[in-house]
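A.B. asks: Add chain G to chain V, keeping to what the hints say.
Residue numbers (UniProt numbering), protein chains in the order written: chain V, 1 to 358; chain G, 1 to 347.
Please keep in mind that the hints were generated in silico from the structure rather than gathered at the bench. Each hint should be verified, as a subset may be incorrect.
[Unchecked claim] Label-pair restraints from in silico Cβ distances:
(1) G/210 x V/318: 49 to 57 angstroms
(2) G/59 x V/118: 50 to 58 angstroms
(3) G/220 x V/293: 30 to 38 angstroms
(4) G/181 x V/300: 48 to 56 angstroms
(5) G/277 x V/243: 45 to 53 angstroms
[Claimed, not checked] If you want the ones that stay clear, here's a sample from chain V, every Cβ over 12 angstroms from chain G, calculated:
(6) 152
(7) 196
(8) 212
(9) 230
(10) 231
(11) 243
(12) 332
(13) 337
No residue lacks a Cβ here, since even glycine has one placed at the ideal position from N, Cα and C.
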Amino acid sequence: MSDANGRGTFPAGAAAGAALGLAVLLATPATALAAPVAAPMAGPMTAPMTAPVSVLHEPPHAHTGHGQDSVRYVSIKGCPSKGGETRPCGAWRVVMHSGARGTLPDAQTIARDAKGRKAANVAAPVAVSGNGRRLAYFTKGGRLALRTLGGGVSLLPGNALPKVAQYETALQLSDDGSRLAVSFTGDKARDTRVFDTGTGERIGTIPAAYELKGFSADGGEVLAGSEDDEGSQILVAYSDSGQELARVTPPQVIASNGPQALSGDGRTVAALAAKRRLALYDMATDQVTARLKVKLPAGDVEMVDWTGPSQVTVHLVDYKAKGYTVSIAQIDTGTGKVTIRDRYALLKDTFVFAACGG
Amino acid sequence: MRRISASAALLAAAIIGGTALAPLPAQAAHGSGATHVSHASRTVTGSPAARAAWIPSCAGKNGDTRACGHWRLLMADGRTVTVRDAAVHRTDAKGRPVGDEGRFAISGDGRVLAYERARDHRVVVRAAAGGPVTRLPRSLVPKGIGTGDLTLTLSPAGDRLLVSYDDDPARRPTKVVTIATGKVTELPAAEDPDGFSADGDEVLAHRLSGDNTTALVAHRLGGGSTRRTPPQVVANATTLALAADGRTVAVLIDGDADLKRPPRLRIYDLDSGELHDTVKLALKPSASPYLARWTADGRLVLTTTTDDPGRPAVVRVLTADPDTGEVRQNDRYTLGKDRYAFYVAGE
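Here chain V stands alone, though its shape is the one from the complex:
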C-alpha cells in the first residue's frame, strides 16, 4: 500500500473521520514549524543556513534523544471532489512524537505536473528523515525545501531538479537527514540525484536504470536495484556521490524479500524474509551470513533501514477498518531481539501519510 515515495496511501472512500482542528506546533523552545520560509537563494547554496542546523551532529538513530521532540509522521486529509474521487485537501499536518501537532503551511499539497498545473487527486511528495528531525517537500512556489526541527527552512536552487511532474518525483531522506535522494518515475529515464541537505549541493547521481532502495544509516551509501539480462534481480551499492562500490546478483532469499537495506559498511544487506527471519547478506563474499528468527508486530512491512552498525529498523503498517497503526521495530542484528521503538495510530482522516524515512 505504498506509492513511489514509500508513503502510505488509502483507497478512495476511506472513512472520513471528523475534521480535526489543526493546532500550530509549540512543542519545543526551538523555532516553531510555522516560521516563515527563509529567503530563496538565487544560486547554489554557498552560505550556511540562517538558523543553526543541529541535526547533522546528532547520533543517527536518536529518535527521541536529548529530550528533543521529533516528527512521527505527516498526514494530509482527503476530501471528496467532483466525480466522487478523493483529493488531498487542507495543509499537511505534522504529528510529533509527543503528540503535539502542527502544519506545514508552506508545503505543496496537491502534486503539480511539469507545467505547474495541479494534478487532480495526487498528493505532492513529502519525506521525513528516520530520526524525525528533517522534512523534505515542495513549496507552493515549486521549490524543493528542507525543513529542520529547531532550525529553519532552506530551499534548494531553482535548477536543482529537472522539470518533472511532482507526481513522478520521489523524495527519500537518509535516517539522519543529511542526504536527500530525488528519483523520477515517469516515462523519460532520468538519473536519481543525491543532495547534501546541509549545503543544498548535489553531490552525486545514480543511473536512471537503477531503482533506489534507500540510504545506509549515515547516508554515506545508497542501495539500488535493477534486473540483469537473464531476469535476475541485481543489487548495486553506491557511495553518496554515486561511485559504485559493489554489484551482485544476490540469492533468492535476498532478491525475493524487498525492501532490502544497506548497512553503513557498504557491503551488508538486510532483508526481511516473510516477517519471520532477518537475512543478512555480504555483497563482497556473496554469502548469507545470518538468518535470525525475529518476532515482529502485526502489519505490512513498509520500510527496512539500518539505523546503526548492528541495528535494523522496520516500519510496519497495520491496515484495519477502525484505523491504521504504525509500529516501528528495532532489530538487533547480532541476536535478532526486537524492541518496539514506537507505535501510534494515524489520524483517522488521513488520505496520504509519510512516516520517518520517506
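C.D. replies: Frame of chain V, contents of chain G only:
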C-alpha cells in the same frame, strides 16, 4: 547463426497427411542409439515413434470452439494414425465432459502414449505404433476431481508416468507410476513436478518455501533426494531438464525478440550448487525452447513451436551442444490450423 548438417539440409517440412519425409540427419551416425531420432530413421520397418498428437477444433455453441472428431498421431515417417479410444473431451469434477481436449502425453522417444480413455476416462498407456492398452490404477483419477484437473507426463522411454493435480486448495500429491508394475509412489504434497530425468529414474520438482524462495529437488525413485535453493535464474526458469546423473540440470532462459537476445542455457549442479556460465544458443530470439531433455551422450534435445491461432503450428526438434550452444535441427513439421490442441513427443 545455425549450423545445419548436410543431411539436415535435405529435410523437407512434413505437412500432415502430405509429402514424404527425408531421412533424418547424421545424428544416428554419432552412435547415440538411445535417442528417438535414430529409431525414427528406420523408415524401412515403419516408424514406431510418434512426433505429435493433435485433435481438431469445431465451433461450439455460443461461438466458442471445442475439441471434436478423433485424436490423430503424426508418426515420424509421416503417416497419420487415429487414436479412436482416446477421450475427445476431459471431464470436470462431476465427471461431465467439457469443451477442452482429453488428457494426452507422448514419451520423449515418441514410442509410448498415455491418454484418458473415452469410455471410462481412465488413464491408459499404449505403444504409439499400436497394440493393447495398459490400464493404470483408478486411483489416478480420484473421486471429486475431473480429468481436467490432472496433467500427464511420460518418462523419455515411456516406462513411467507422472500424474500431477491442479485442484487447489486440495493440493493432492503428484503420483509417479511405474507402468510395468503399476506401482505408485507420491511426491511430497508441497512439491510441483518439473519432469523426469533423462533415464526416468529421477523426478525433478520444485517447492515454494515460507521465505519466498523456490527450492529444487531431485527425487531418486529408488529412494532419497537432493534439495537445494538455487540462484534466481534457476528458480525463474520455466524449462528445466535433469540429466540421468540426477544432479545436472539444464536451465533454459527465454530469448527476447525486442532486445534481439537469443535463448540461452545455463547448467546447474544440484549436488554442489555450482552454476555454470551462460551459453548462448544458436537460435532466433523468438525461438525459445519450451521442452528440453538430455540425451545419453550429453546433448540436449530441444523443442520449439509456433502456435498462432488460425495458422499452422510449426514444431522443430533440435539437438544442442551444451558447451558451445551449437544447434542442429533434427526434425521440423507442421500441424494444421484446424487443430484444437496438440502434444509433441516429450510433452
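A.B. asks: Hint by hint, work out which the structure violates, then give me just those numbers in ascending order.
C.D. replies: Violated hints (numbers, rising): 1, 5, 9, 10; every other hint is consistent with the structure.
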